[in-house]
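Engineer: For reference, the chains in residue letters:
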Amino acid sequence: MEMPEPDAAVLARRDAIVAALRDAAPGAVIDDPAETRAYECDALAAYRCPPMAVVLPRSTAEVAAVLRLCHDERVPVVPRGAGTSLAGGSMPTADAVVVGLARLTEVLEISPEDRLVRVQAGRTNLSVSGAVDGLGFFYAPDPSSQLACAIGGNIGMNSGGAHCLKYGVTTNNLLGVTMVLMDGTVVELGGPMGEAPGFDLLGVVCGSEGQLGIVTEATLRILPKPAGARPVLVAFDSSEVAGACVAAIIRAGILPVAIEFMDRPCIRATEDHARAGYPDCEALLIVEVEGTPPEIDEQLALIREIALSFHPVEFRESRSEEESRRIWLGRKSAFGAMGQLGDYICLDGTIPVSALPEVLAGIGDLSRRYGLGVANVFHAGDGNMHPLILYDANAPGDLERAEAFGADILRLCVKVGGCLTGEHGVGIEKRDLMHDQFTPIDMEAQMRVKDVFDPHWLLNAAKVFPLDISASRREARRDAGSADAA
Amino acid sequence: MRDLPMRPDGEAALAEAIRSARAPLSVTGGGTRLEPGEGQGARLDTRGLTGVTLYEPEALTLVVAAGTPLASIVDILAAEGQMLAFEPPASPGSTIGGVAAANASGPRRLQAGAARDALIGLRFIDGQGNVVRNGGRVMKNVTGYDLVKLMAGSRGRLGVLTELAFRTAPIPQSRLTLCLPARDAAAAIPALTAALGGPFDVSGAAWLPGRGALIRLEGLEGSVRLRAESLRKTLAPFGDPGDAQDDPWPLLRCPNTHDPQADLWRIICRPSQAAALLAALPEPCSLDWGGALIHVALPAGELPQLPRFSGHARRIRGAQPAILPAPDPVAARLDAGLRARFDPRGIFQGAP
Ligand SMILES: Cc1cc2nc3c(=O)[nH]c(=O)nc-3n(C[C@H](O)[C@H](O)[C@H](O)COP(=O)(O)OP(=O)(O)OC[C@H]3O[C@@H](n4cnc5c(N)ncnc54)[C@H](O)[C@@H]3O)c2cc1C
Ligand SMILES: Cc1cc2nc3c(=O)[nH]c(=O)nc-3n(C[C@H](O)[C@H](O)[C@H](O)COP(=O)(O)OP(=O)(O)OC[C@H]3O[C@@H](n4cnc5c(N)ncnc54)[C@H](O)[C@@H]3O)c2cc1C
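Same order as they appear, the protein sequences are chains A and B. The working numbering puts the first residue of the first sequence at 1, with every later residue one more than the last. The working numbering puts the first residue of the second sequence at 1001, with every later residue one more than the last.
Since the hints were made in silico from the structure, they are not lab data. Note that beta-carbon positions come from the ideal geometry of N, C-alpha and C, so glycine has one too. Just so you know, not all the hints are guaranteed correct.
A short, non-exhaustive set of chain B residues, derived as facing chain A with CB atoms under 8 Å [said to hold, decoys possible]:
no., residue
1, GLU1056
2, GLU1058
3, ASP1117
4, ASN1130
5, LYS1149
6, ALA1152
7, LEU1196
8, GLY1198
9, LEU1220
10, GLY1222
11, LEU1226
12, PRO1271
13, ALA1292
14, LEU1338
Pulled out of the complex, with its shape left as it was, chain A reads as follows (with noise of 0.2 Å):
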């Protein structure tokens, strides 16, 4: 993956730039190669580079104090939450400073009264939901990093889940944010029902990877916790058909929480992995529903209709925790099925249901012309793919032909009317696909909004866009920076 050159200025100055962060934020900066090394890549480990340095600020006032002396001195800045992107996203350059979250976890307020929590952003995921758990309240959006993950990376990235279906994406549950701009300026934006005068720049800032400012603190919807939920498996001879099942579903005016799709290779590795006693079948659906018992009963009334008209190989309903815990266990540990059979490779893209029959004999067709396997699980109710490519990370130019197999995936994915990336980002991973996807208009289009929010380009800059097109921006920067110099 190409990333610019460092900027040799910057690097000149490493000792004095260095010693001016310590003074910003005493005792946060880390600069020793041995530690900042465990900043040197993502989830998308596959790319790998330490920053100069690493700041872990206490306030949003030290936020702002790095990034004020950031952009004065011109040095390249790159946000962090939790690390677990699968983009590249959080990634470093060797000039770059990386800013983590990983010191701000308050929850600074809780309002059942206004279905509201407000917490520092590198607070995680889960931890948002256990905050609120006891009032009755949850918050909706559950990549399946959780754990991990924080609240600022998910609206880095419009971060989605399993239950999207029915609550949204991090976007549709985020009412507002503090958040420091490159040149140390603090600003509020959202406000309640996520709504300000003007444009919707809260509505710009979700999604835009760590472009135009850096978040530190995060207003979140919470929603009352369902009665309860209970999924159904379905499995089926043909991916075609379990396709159809899904539209059918959808057509009847049922909106259940989760539609999951997974294909053979994958029900194969997970039962390998997991044993979570999954029928022998070409596709499986599990569907699942929320509500009090005879609510549940009623819309999985509705499901087993459609889904016998299309003659499944099973229908399996659960009728108890253990029975719905294990018939979640298989796709819950699909990544780490995949992990036990070798290197892979995760992508994102989404595509219009419609096409998944198109899309899967695609897929197939490319996996047998680069001799590399593929198993698939979807989110088949909004079309947002994860096709996993297995390699060999030992085998030379393996990584690279299932880079390129992925990128055709992708291409096709575009193809048919989709896109992308569905919810992990572009990155550094995808940003020289946007070509595909993209007209130089459109990007420019884009690109101007980052002129607005960060004219030096400085925050996370070599990302998203694809090098060429962001190149004379990027550079600009530097022109400058000598001149300033001189």
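Following the hints, put chain B with the ligands in place on chain A, whose structure we already have.
Structural biologist: Just chain B with the ligands now, kept in the frame of chain A:
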């Protein structure tokens, strides 16, 4: 003399009209809901862009040209048992582009969000006549910045919307409204809060003068009945809830001020602060979203004296634009920066 309105018949003609414009334009759809100060430039009418480009009910996806009347979209969706979940106010003549540009929403915002939350993609023309595309036709998409949100509610100030993609929703099988007498709007809030704080999946929580507190449940028939039963128990401390005999919700979508001379204000606040605001105001036209939205009529030109609160009040009908408290200066600077970038020639200044 005022320029004649321009009504281009397609995206290319619209882009050309913007490129060749030399004076400020006011972008309009149906012109049904222009706010104070809007509509002063030469009218650029978008109603020449009509039609459904794509509708896949089984994927909950609708793509439509911006000038298409809202009413016809409502009909097309209803024929397939679907709707726009955010309940845009159905004023005759409204276009779907106007709905998106106003980030319209109705009582169901509590549960399903506003136009911004249902919008999954769009095309627009910026101030230099460039056609820009963002988002797409799939509901999960984080590819690049979310300009869809930025454009939703931008009221013709950043560009002209030409095509919109929405996530649609099934029309609920069954619906029930509980009503509860309440002395006044403020007195309704504790009951609304109790309803919204439990697992009832409330899809509307409002107050109307003379009607009291209104709470709506929607979904499968059995489920609505069961939730209503347990909700009645939760509401018992607040009075004896009855079933509404008619459908009061359209009234909440289009607040009626009765007095056409009065100004209309829209206040967004935290429900826990609504009572303090209401104490400083005359009886409101309506209260919605569990207390987070207040519509109130005030004498023309008057500014309300409000206690400090988190949220804002905006005059949406009247002679002069007004927002209280004054918007955050940093956010205002960012807004101005965006306008300068998307519309460097100031062509969309017709919408101030
Ligand atoms: C096993 C596994 C499962 C996953 N499952 C899901 C899933 O189900 N759904 C899903 O959507 N994602 C999933 N992810 C991806 C990842 O967890 C999410 O993208 C998550 O939101 C990242 O959070 P983080 O705190 O780790 O952020 P980081 O990786 O540290 O950062 C992510 C991005 O946000 C920026 N950022 C971080 N903090 C801030 C801040 N305070 N202000 C501004 N920008 C900031 C960073 O610069 C970066 O661009 C998964 C990842 C793994 C490893
Ligand atoms: C008194 C009043 C009460 C209202 N009540 C509610 C309410 O309760 N809930 C709610 O959600 N909404 C409400 N609205 C807003 C209203 O729902 C929408 O504005 C309306 O649907 C717009 O339709 P239209 O085609 O007539 O738009 P117009 O009136 O023509 O335009 C509305 C705004 O959108 C811009 N615009 C129109 N078309 C485009 C386009 N294609 N591209 C870019 N910009 C465009 C215009 O410049 C203008 O700023 C209210 C408005 C008023 C004045």
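Engineer: Output the numbers, in ascending order, of every earlier hint that fails for this structure.
Structural biologist: none
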